[in-house]
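S.K.: Residues per chain are reported as follows:
There are 4 protein chains.
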Amino acid sequence: MALGKGRLEAFSDGVIAIIITIMVLEMKVPHGDTIESLRPLIPVFMSYVLSFVYVGIYWNNHHHTMQIVRSVNGATLWANLHLLFWLSLVPFVTGWMGENHFAKWPVICYGVVLLMSGFAYNIWVKVLVRHHGDHSSIAQIYDGDWKGKLSMAIYAVAVTVSFFNSILGFVLYVVVAAIWFIPDRRIERKLTYPGNENEGR
Amino acid sequence: MALGKGRLEAFSDGVIAIIITIMVLEMKVPHGDTIESLRPLIPVFMSYVLSFVYVGIYWNNHHHTMQIVRSVNGATLWANLHLLFWLSLVPFVTGWMGENHFAKWPVICYGVVLLMSGFAYNIWVKVLVRHHGDHSSIAQIYDGDWKGKLSMAIYAVAVTVSFFNSILGFVLYVVVAAIWFIPDRRIERKLTYPGNENEGR
Amino acid sequence: MALGKGRLEAFSDGVIAIIITIMVLEMKVPHGDTIESLRPLIPVFMSYVLSFVYVGIYWNNHHHTMQIVRSVNGATLWANLHLLFWLSLVPFVTGWMGENHFAKWPVICYGVVLLMSGFAYNIWVKVLVRHHGDHSSIAQIYDGDWKGKLSMAIYAVAVTVSFFNSILGFVLYVVVAAIWFIPDRRIERKLTYPGNENEGR
Amino acid sequence: MALGKGRLEAFSDGVIAIIITIMVLEMKVPHGDTIESLRPLIPVFMSYVLSFVYVGIYWNNHHHTMQIVRSVNGATLWANLHLLFWLSLVPFVTGWMGENHFAKWPVICYGVVLLMSGFAYNIWVKVLVRHHGDHSSIAQIYDGDWKGKLSMAIYAVAVTVSFFNSILGFVLYVVVAAIWFIPDRRIERKLTYPGNENEGR
Numbered sequence: 001m002a003l004g005k006g007r008l009e010a011f012s013d014g015v016i017a018i019i020i021t022i023m024v025l026e027m028k029v030p031h032g033d034t035i036e037s038l039r040p041l042i043p044v045f046m047s048y049v050l051s052f053v054y055v056g057i058y059w060n061n062h063h064h065t066m067q068i069v070r071s072v073n074g075a076t077l078w079a080n081l082h083l084l085f086w087l088s089l090v091p092f093v094t095g096w097m098g099e100n101h102f103a104k105w106p107v108i109c110y111g112v113v114l115l116m117s118g119f120a121y122n123i124w125v126k127v128l129v130r131h132h133g134d135h136s137s138i139a140q141i142y143d144g145d146w147k148g149k150l151s152m153a154i155y156a157v158a159v160t161v162s163f164f165n166s167i168l169g170f171v172l173y174v175v176v177a178a179i180w181f182i183p184d185r186r187i188e189r190k191l192t193y194p195g196n197e198n199e200g201r
Numbered sequence: 001m002a003l004g005k006g007r008l009e010a011f012s013d014g015v016i017a018i019i020i021t022i023m024v025l026e027m028k029v030p031h032g033d034t035i036e037s038l039r040p041l042i043p044v045f046m047s048y049v050l051s052f053v054y055v056g057i058y059w060n061n062h063h064h065t066m067q068i069v070r071s072v073n074g075a076t077l078w079a080n081l082h083l084l085f086w087l088s089l090v091p092f093v094t095g096w097m098g099e100n101h102f103a104k105w106p107v108i109c110y111g112v113v114l115l116m117s118g119f120a121y122n123i124w125v126k127v128l129v130r131h132h133g134d135h136s137s138i139a140q141i142y143d144g145d146w147k148g149k150l151s152m153a154i155y156a157v158a159v160t161v162s163f164f165n166s167i168l169g170f171v172l173y174v175v176v177a178a179i180w181f182i183p184d185r186r187i188e189r190k191l192t193y194p195g196n197e198n199e200g201r
Numbered sequence: 001m002a003l004g005k006g007r008l009e010a011f012s013d014g015v016i017a018i019i020i021t022i023m024v025l026e027m028k029v030p031h032g033d034t035i036e037s038l039r040p041l042i043p044v045f046m047s048y049v050l051s052f053v054y055v056g057i058y059w060n061n062h063h064h065t066m067q068i069v070r071s072v073n074g075a076t077l078w079a080n081l082h083l084l085f086w087l088s089l090v091p092f093v094t095g096w097m098g099e100n101h102f103a104k105w106p107v108i109c110y111g112v113v114l115l116m117s118g119f120a121y122n123i124w125v126k127v128l129v130r131h132h133g134d135h136s137s138i139a140q141i142y143d144g145d146w147k148g149k150l151s152m153a154i155y156a157v158a159v160t161v162s163f164f165n166s167i168l169g170f171v172l173y174v175v176v177a178a179i180w181f182i183p184d185r186r187i188e189r190k191l192t193y194p195g196n197e198n199e200g201r
Numbered sequence: 001m002a003l004g005k006g007r008l009e010a011f012s013d014g015v016i017a018i019i020i021t022i023m024v025l026e027m028k029v030p031h032g033d034t035i036e037s038l039r040p041l042i043p044v045f046m047s048y049v050l051s052f053v054y055v056g057i058y059w060n061n062h063h064h065t066m067q068i069v070r071s072v073n074g075a076t077l078w079a080n081l082h083l084l085f086w087l088s089l090v091p092f093v094t095g096w097m098g099e100n101h102f103a104k105w106p107v108i109c110y111g112v113v114l115l116m117s118g119f120a121y122n123i124w125v126k127v128l129v130r131h132h133g134d135h136s137s138i139a140q141i142y143d144g145d146w147k148g149k150l151s152m153a154i155y156a157v158a159v160t161v162s163f164f165n166s167i168l169g170f171v172l173y174v175v176v177a178a179i180w181f182i183p184d185r186r187i188e189r190k191l192t193y194p195g196n197e198n199e200g201r
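Chains as they are written, first to last, in our numbering: chain U, 1 to 201; chain D, 1 to 201; chain L, 1 to 201; chain G, 1 to 201.
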C-alpha cells in the first residue's frame, strides 16, 4: 500500500520551482530605458515579492513535513496534486493584483487562492496523518496547529475587509506571511529526537 | 543492456511538472479589475482544470508503474519521450479549446491528443513488459487492462460525437478523467507483496 | 578533485526538460476555431517535432554517457554548461524556422546551432575522457566515434546546401536525426560488462 | 535541528535551471526571414550570454559549496530562497538591458541585481558557516574570500561608472564574470582531503 516518497518530493519541487520562477515573467520588460519606466512596475514587483515569500513558505513547510513522512499512498498523491493546483493559480492572481494596483476584486481573488491553498495544505496533512496513524510524529506535530488555523482566519478576514478597503486586505496578507516566515521549529525539534533516520534522500 | 531508472524518472518529472504548470500561462491576466473581467476566462479555467487532472493522472500512473520497474533500456527511453511528446501538446489544445468555448474542432483535437497520449502510454507499457519478461509483475498488472481499453474507446466515441455536439464530447472527457481519478490500486496492492524492495529512490 | 555526478545530472535534466517543453510555447494558440486555422501552424509543428527528437537524442546520449562516468570536475561543469547553452538556442531557431516556412536564413541558423551543439558535445566528451584517463570505459566507447563525425559532416553540408535549397537542408537535418534515433548500443553493451556498479542514482 | 540537504539542492537546481532557460524567451523570434532581421537581437544575445555565464557561475559555486555542507537548517532554507529571489530578477534586467542597447538605467539596474545576488550569496555562506561551526571545512574555505570581495567592489564601481558611461559598466561586468569563470579550486582541493565522504547524492 505504501509508495516511496522520493518522486513525490521531486515532482513537487519541480512544480513549485516553476511556479515561483514564472511569476517573474509577469514583470514585463518596459519599453523605455529611463528609471521612470520602472515606476508602473512597482505594484507588480510588490505582488511578486509577497507571492515569492508565500510560495517559499509552502515549499519550506512541504519540505519540513516530508522529512518526517515515511511513505505515501495513492490518496497522498492526489492531495498533493490538489495543493499544487491551487498554488499554480498564484502567478495568475499575483499578476492580476499587481497590474491593477491592488484593486478590490484582484485582492479578493488573491485571498481566495491563499485560502484554498491553505485548505488544500490541511487536507494534505490530514491524508498523511491518516496514512501514518494517530500516534505518528506527523500527527503529534500537527495536533492543534494554531498557526495554520490563525492564518485561515486572517485570510477570511482579509477577503471580507477587501470589499471595503483592499489595501488593508493586502496588509493582512503581509501579516500572515510574516507569521510564517519563521520556519516550523516544531518539526526541526522533532528531527533531533533519537531514532530518526529519515533524513536526506 | 539495462540502465538505471533514476534519471528517466527525474527527466519525466521535470517535463510533466513543466507541462502542468505552463498551462496556467494560457490564462492571460485580464486587463480590467472587475469580477466581470474574469467571466471570459471561465471556459479557459475549466479546460485548465480538466487538463491538470489528466496530466496528474498520467504522472500518477507513470509513478506507480515506475515503482515496479527494475531497470530501463534504450527502447524505453524513446517510448518515454514519445509519451512526453503527446503530453507536451496538451497545453496547446487546452488553450485552443478554452479560448474557443468548446467549439467543434478544438474539442476534436483535444480528444485526438488524449487518444494519442493513451496509445503512447500503451506502447510505453508494452516496451517495459518486453524488457521485464512475460512473468514479471508489470506484465501481470497490465494484463487485461480494462481501464486503459475503456478509456481509449470513450475517447474515440467522444471525438466522433464532437463533430455533432462538442459539449457532449467534453463531458465524455470528464467522464474518463473521473474513471481514472481513483489511483491504480492494482499496483499499490502489488507493492505490498513480500520481496518488493524497489521503493524510494 | 572529483565531485559527485548527481547534481550535474539533475541540473542537466532540468534544463533539457525546460528546453524541450518551452518549444511548444512557440506554437501560439490560433484565434480561429476552424481546422483551417491550424494550417499555418503545420511548418511550426514540423519544426517542433524535429527539435523534440534532437533534444531527445541529446538527452539520451547524455544519459547513456553519464551512466559510465564515475565523477566530474570543475572543467566538466563548464563543458556541460557550454553544451546546455547551445541547446538553449534550439527553441529560438525552431520558432524562427517554423514561422518562416523553412526559408533560407532560418534553416541555415538552425543548422549552425546543431553544428555548435555537436561541437559542444564533443568538447564535453573530451573533458570527461581527460578526467577519466585514456584507458577508461568512456575513452574506449568514444574512440573513433563515426556517428558523431558523420553528423558534423552532414550538418556542414546541410548548412552549405541551404544557401541554394533550404528544403534540402531541412531534409538533411531529418536524416541525421534518423541516424541517431537508434540509441547508443555501444554504451548499453558496455553496461553489461561485469564490475559495473555505477547504475541508478 | 538538522535537515537533509537533498531537497535544497533539488529545488535550487530546479529554480536555477528555469532562470537560465527562460532568459532565452526574451529573445523574441524576429518576423523577417533575412539575416538582417537578427541584427536588432545582437545586444539581446550579448546580454543573454553574459547572464547565462553569471547564472552558471552561481550554480557552479552553489554546487561546490553544497558538496562540503553536511546538513541544513531552517535559516539555510530562507537564505537560499533569498539568493534565488535575486537571481530570479536576472532574466528581467537581462531583457531590459539587451532591448535598450546597454542604456544607462538598465545597465545600472543589472549591476544592482548582481550586487544584491552577491550580498545574498554571502549571507547564505554566513548562515551555513554558523550552522557548521568556525572550524568546519566551509568556514576555512570561505575565510578571507578575496574573489567574493573583489567582485562586490567591481560591481559597485561598475554601477557608479554606468551613470557616466554604461558601456564601461557592462565591460566591468564581463571582467567579473571572467574572474569567476575559473571554478573554485579551493573547494575542489578540499574535496581531496581524506575523510570526505560527502560526495554524490
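Hints in this document: simulated from the structure, not taken from any laboratory. Any given hint could turn out to be false.
Any copy will do: because identical chains look the same in the list, a pair fits if it lies in one copy or spans two.
[Unchecked claim] Listed below are the simulated BS3-like cross-link pairs for lysine-lysine, each with C-alpha atoms no more than 30 Å apart in a straight line:
(1) K147 / K5
(2) K104 / K126
(3) K28 / K104
(4) K28 / K147
(5) K104 / K5
(6) K5 / K126
S.K.: None of the hints should be skipped; say for each whether it holds.
M.R.: We went through each hint and held it up to the structure:
Taking CA atoms no more than 30 Å apart as the test, K147 paired with K5 passes in both settings, with 26 Å inside one copy and 26 Å between copies. Proximity of K104 and K126 under a CA criterion of 30 Å is satisfied in neither setting, with 33 Å inside one chain copy and 42 Å between copies. For a Cα distance limit of 30 Å, the shortest separation of K28 from K104 qualifies both inside one copy, at 23 Å, and across copies, at 19 Å. Taking the closest pair of Cα atoms, K28 and K147 never come within 30 Å of each other, the shortest separation being 35 Å inside a single copy and 34 Å across copies.
When the C-alpha separation of K104 and K5 is checked against a cutoff of 30 Å, the pair qualifies neither within a copy, at 41 Å, nor between copies, at 42 Å. Within a single copy, K5 and K126 get their C-alpha atoms as close as 17 Å, and across copies as close as 26 Å, so both meet the 30 Å cut-off.
When each numbered hint is compared with the structure, violations occur for hints 2, 4, 5.
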